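Which chain is which? The protein sequence lines are F and L, in order. Under our numbering, the residues of the first sequence are numbered 1 to 249, in order. Under our numbering, the residues of the second sequence are numbered 1 to 165, in order.
Check each hint, because a few of them may be wrong.
[Said to hold, decoys possible] In silico EDC-like cross-links for lysine to aspartate or glutamate, where the CA-CA straight-line distance does not exceed 16 Å:
1. F:43 <-> L:151
2. F:40 <-> L:38
3. L:29 <-> F:28
4. L:41 <-> F:58
5. L:29 <-> F:112
6. L:34 <-> F:54
Calculated directly from the structure, the hints in this document are not laboratory data. Because the structure is a prediction, the values reported are computed rather than measured.
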Amino acid sequence: MVSFAAEPIFSVGSFKFTNTLLDTFIIDAIIVSICFYISKNIKLIPGKLQNGVEYITETLYNLTESVAAERTAKIFPYFMSFFLFILLINWSGLIPGVGTIGFFHVADGKKELIPLVRAASSDLNMTLGLALVSLVATHLMSISTVGIKNYLSRYFSLNPIFLYVGILEIIGEITKVISLSFRLFGNIFAGEVVLSTVSSIYAFLFPLPFMLLEVIVGLVQALVFSMLTMAFMAVLTTPHHAPEEVRHK
Amino acid sequence: MEIIKNFGIEPVLLIAQIVNFLIILFILKKFLYKPVLDTLKKRENLIKEGLKQAENSKLEFEKALEEEKKILKKAQDQARKIVDDAKIQSILVAKKIEEKSRIQSEKIFDEGRKQMGEEVKLAEKKLMASVNKLSIDILKKSLKETFSDKEEAKLIDRAIKEIVK
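Whole structure, please, built from the sequences with the hints as guidance.
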């Protein structure tokens, strides 16, 4: 049975190096390699890899532009980074060997398999971390775009009704973190559990439809996380109108 | 707290994941999005410029065609004018030549007539001299039997003088 918490594979002092952290580093290495390769070999007439990267970048940029308009340049890096990083991490769990190759650990008289690498998005530390980055970046961007006064007017008002709405907004911001992190974690973790269960029933061909489903789930979840972040950023970087202004309009 | 522990949330790992993502975000922004978007922009500008240049060349080509037509028309007009001028000129030259040849032929004719007159005069002179000589000879032969040599010489001199007169 897959545990909620990521399993440590070794420790450096009190720091436990987990299998999800190893997966994160592997994906980091892939992303960094592609980045450096592209930046060193970028040409006006693109090769196959550059063409692919350009296609993805342009598609996501146009998607951001359709939502964020003139704030695209600020929002796009977050949107694409969240999408790429989460997508690769989600799909990394489907690579044969990830989640299955490991070592046995005896705990409470039970022999347990500790996978060497495990999809990082099945670790709440990672999804919560990403959700926090998303939230903090959204609010910092909001302050830098609309100004601190306008930013605070969204949450605090002398009008009791708007103050109440503001409090609800603050609660909404907290729930955003919970929903973003738990949605991603839940979907990918559930996928892992399904795959390990199905594989334990019959390991040949039988898990294939579920793996295909997980490919789609991985893509959809990456898109959901990144598009929600983009939408939150677009909403919070739009100046908030004070009640008087709204009434005049 | 129990829930947090059950889900395996550890502040160190959480911070590690946040820092990791921020680094990846920075690298992606600096080494992927910037060069790729710059290249896309550059290519877009190049394509725009190329299309604009193609449009300009098309316009210039049409302009050149128009110019060519104008030049051709001008050249044709000029050629026609030159041919017409040449025709007029040739007629004038022909007339001039004709006039000149007429004057020259008249001159040659006059010169010939003049020369012929002189030659006739010379022939007349020569004939006269021959006739004189012949007359003298005839006279000499006919007088030889009638007059003495002295009278004969006298008569001849007188005859010569008369003839010369």
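Structure-based check of each hint:
no. : hint           : verdict
1   : F:43 <-> L:151 : 143 Å, violated
2   : F:40 <-> L:38  : 14 Å, holds
3   : L:29 <-> F:28  : 14 Å, holds
4   : L:41 <-> F:58  : 10 Å, holds
5   : L:29 <-> F:112 : 41 Å, violated
6   : L:34 <-> F:54  : 11 Å, holds
Violated hints, in rising order: 1 and 5; the structure is consistent with all others.
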